[in-house]
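Chain A is already provided as a structure; the job is to place chains B, C and D on it using the hints.
There are 4 protein chains.
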Amino acid sequence: MVDVQNRPDNRNIPVDQVGVSDLRYPITVLDRHRGRQDTVANITMTVNLPHHFKGTHMSRFIEVLNSHRGEVTMWTVLHILHDLQERLDAERAHVEVVFPYFLEKLAPVSRAPGLMEYECAFVGESGAGGDDFVLSVKVPVTSLCPCSKALSRYGAHNQRGHITIEARSCTVAEKPEELIWIEELVEVAEASASAPVYALLKRDDEKELTERAYDHPVFVEDIVRNVAQKMMADPRVAWFRVTAVNQESIHNHSAFAKIEWRR
Amino acid sequence: MVDVQNRPDNRNIPVDQVGVSDLRYPITVLDRHRGRQDTVANITMTVNLPHHFKGTHMSRFIEVLNSHRGEVTMWTVLHILHDLQERLDAERAHVEVVFPYFLEKLAPVSRAPGLMEYECAFVGESGAGGDDFVLSVKVPVTSLCPCSKALSRYGAHNQRGHITIEARSCTVAEKPEELIWIEELVEVAEASASAPVYALLKRDDEKELTERAYDHPVFVEDIVRNVAQKMMADPRVAWFRVTAVNQESIHNHSAFAKIEWRR
Amino acid sequence: MVDVQNRPDNRNIPVDQVGVSDLRYPITVLDRHRGRQDTVANITMTVNLPHHFKGTHMSRFIEVLNSHRGEVTMWTVLHILHDLQERLDAERAHVEVVFPYFLEKLAPVSRAPGLMEYECAFVGESGAGGDDFVLSVKVPVTSLCPCSKALSRYGAHNQRGHITIEARSCTVAEKPEELIWIEELVEVAEASASAPVYALLKRDDEKELTERAYDHPVFVEDIVRNVAQKMMADPRVAWFRVTAVNQESIHNHSAFAKIEWRR
Amino acid sequence: MVDVQNRPDNRNIPVDQVGVSDLRYPITVLDRHRGRQDTVANITMTVNLPHHFKGTHMSRFIEVLNSHRGEVTMWTVLHILHDLQERLDAERAHVEVVFPYFLEKLAPVSRAPGLMEYECAFVGESGAGGDDFVLSVKVPVTSLCPCSKALSRYGAHNQRGHITIEARSCTVAEKPEELIWIEELVEVAEASASAPVYALLKRDDEKELTERAYDHPVFVEDIVRNVAQKMMADPRVAWFRVTAVNQESIHNHSAFAKIEWRR
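Protein chains in written order, with numbering that gives the first Met the number 0: chain A, 0 to 262; chain B, 0 to 262; chain C, 0 to 262; chain D, 0 to 262.
Just chain A, with the same shape it has in the complex (with noise of 0.2 Å):
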């Protein structure tokens, strides 16, 4: 059968990311405490295409997905990077996944077990610089605001917020102990705001976060520098970038703030 898509372009334009997007995929990624977690995920694989070819193969991004059956932690990400860059003849991969991950929360005072879901992703890439990884987590926390808390007689109007840290570390982890996990950013960002948010509460947990909150008013500019702060302190960071969003109860538009940060 004809082959369009090796026909040769004389356009003379390279494409700088060609591939597949929206691809809903079931995968099982790495879990701290419980080893695996089976969860289903959203990808793009992109590679590059020099400007002598007038099409990529499709069908082999999925080919190549279909090959580790799932399998996505940092490593596999590599992987599918380097099988992309040989089967569809490239210099330059990229793949995104991004997926719900649950990590099991007690509640402070009664130690209610309760899920809590975080969305993360894997953004790797590979090419003439070498291969390059980044993790990102987004956390919903609890934020109060110390402006309303100062001005006002009683209460401070508070909200949930949403920390996303994306980070890159100093080398490349060989051994999962040298992972960067899901778990130590989620820790992060709940430090850095009010207080965390949970599944479950029961009243006398209710109690002890809405006391909590009171105590530990924050901006949006207080998230993102404590995360800061958290971040740099790490040697094992190279780079992260925090935004924090949050949903303010007192208008219908969010406050917003970011840092980008590289040793």
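Take these hints with a grain of salt, some might be off.
Identical copies go unnamed one by one, so any copy, or any two together, can satisfy a pair.
To be verified - Straight line, CA to CA, 25 Å or less: simulated BS3-like cross-link-like pairs of lysine-lysine:
no.: 1; residue 1: Lys201; residue 2: Lys257
no.: 2; residue 1: Lys229; residue 2: Lys53
no.: 3; residue 1: Lys257; residue 2: Lys229
no.: 4; residue 1: Lys201; residue 2: Lys53
no.: 5; residue 1: Lys257; residue 2: Lys53
no.: 6; residue 1: Lys257; residue 2: Lys174
no.: 7; residue 1: Lys201; residue 2: Lys174
no.: 8; residue 1: Lys53; residue 2: Lys104
no.: 9; residue 1: Lys257; residue 2: Lys104
no.: 10; residue 1: Lys174; residue 2: Lys229
These aren't lab readings, by the way, just hints derived from the structure by calculation.
For chains B, C and D alone, coordinates are given in the frame of chain A:
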């Protein structure tokens, strides 16, 4: 040219609704204070299709809409429905128009003006039983948890919530002054929560709203009951449905409540 | 500690539904071929609240869900409903569980395997009238326009469409072999469109599907009627609703059709 | 009253961006043919925060926006940036304004008029390096697969795709006639695909577009290269990025391609 849609169909199955959806269209709606307001709508328009026809004529939906030049009030919705019935030779027609609507609100203390957006909808239906029209308004508010306030030595968790009120009038309004206005449903919703939300607040306003919310704690159950009380007391209202969704600041899920009522 | 929710309410207005929504939770569902499948759900759980109670107890919803440890089948949905009625002292309970479900499909010619995702839902309700259970499956398909084919000298516009089938059984299944399976509704939907869609296709497959779609043109009206014919002929089906939405490739809006039927 | 935001901060960490996001606002933009067009925007506005300040003043963002009364052009975006820098005592300011824009298009044969929506964005930044402005336009199109056409005896799969062009001018336009217009980028995108899409098509138009698409098959790779050729040939363009996403009608995932270029 052939008219495939007009061919007979022998499966003997009528189609309840057929038409266009996800159509984006600029519209002009009535504004209680400024006369008219330009906005952008997402529109669905359908008719029923008798069992003996193979297909409807999709382009006529757009032609009917175009003939009304984007003017969308309760009355034009009814005209659009009747035009659809006639142009498409249908017994029933259904139209949904969803759009953002803006109101200028003054901050409670500083009186600083700010524009608030409310997602609104007109849903019209015309058939053997006559004409039907439902107005829907979604209002962001602050809700402060009575349980958290009662339990805690200080503070109380609060959050942004959304109240959606859908309402049907007892009689078809013949003049603007007989209408149930978007502005009226916004007032009902805001008065049923812990406090309204605003686009622009100065420090005095933030103090006032923080304290007001603390003084008026409500559960989602309270919100829908407070709305229900006001709607039941309005003799113009034949039917309503109210839902409240709180973006809980101590959880990553929402609290939800609903009441439906007819006179 | 005080129990604010248990306080009496004197507004004399019962609340139809109160509970939690947008709750993300890892679940395990039945898989016709592989026994079980792990996935991630979005869950809503509500009960009614009699007029004399001020509030429900939100944490008990999560406790009931936790007690079933994420096992979600038609039977566990009914158990969850009964547990909610009992734990929350309610006459009625309602549960919605929406989740992605994956099937391995073989490409039509090359037999290359690929994983396809279908968005599914279990909707259960329990009350004075007994138990109710509805299965919902959303299936992406190819649709090719009969009008475009008939008019044009060559080619025909085609596009991705989505068929959603919701179905209720005549009798409550007591064993897995009596269930209406997700896999069966996927087959009904795919056989009602111009062609199925796949995750992985080689050149031979692409030729086959292109020609198959051209040989089987359907309007949205045809799709819902084709589904309706098959569902009406299935003696297990007591009620169904089918909707088809085509992402028209010649427009920026969708074509829409719907049929609802009860035996 | 206390001004918490003005308090000193001793963490010694500057914040790159702080401000408001998800702000909905009615705006008026320039329309090449009709002079002005009313629409509704989603707005983000941020400034940098030096390390020694605790917080920014969120209400001033809204005040600056209000002072421009919703008039949003390339020039007012620059004014808003400068006002933000001044009002918030900041070195850098960033503004993003995303909005639907409507164009009346005539169907290719019948000349029937219809309104098409394009999602547009103005992204402005002001800092030590001067002012920056990027126009972004997202254009829905038809794409027909060259591989499917070449392989198949008849037909070819086609689908809706979206082309996003972001462009930066070589010099700041001083008059409207020097601007790169939304209308021009729409034309570039539509001429780079298999066929444009329309809101209203009669039978003659559907025939014409079906055949035109079949005569002009393109991969996503072709789309971005076709756009790139036209943009590179325009001496006003200093930089552009083009992405194409096809909602493949034979898959449930998308095909994706991207080119970024600077003169």
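Those earlier numbered hints the structure runs against, lowest number first: 6, 7, 8, 9
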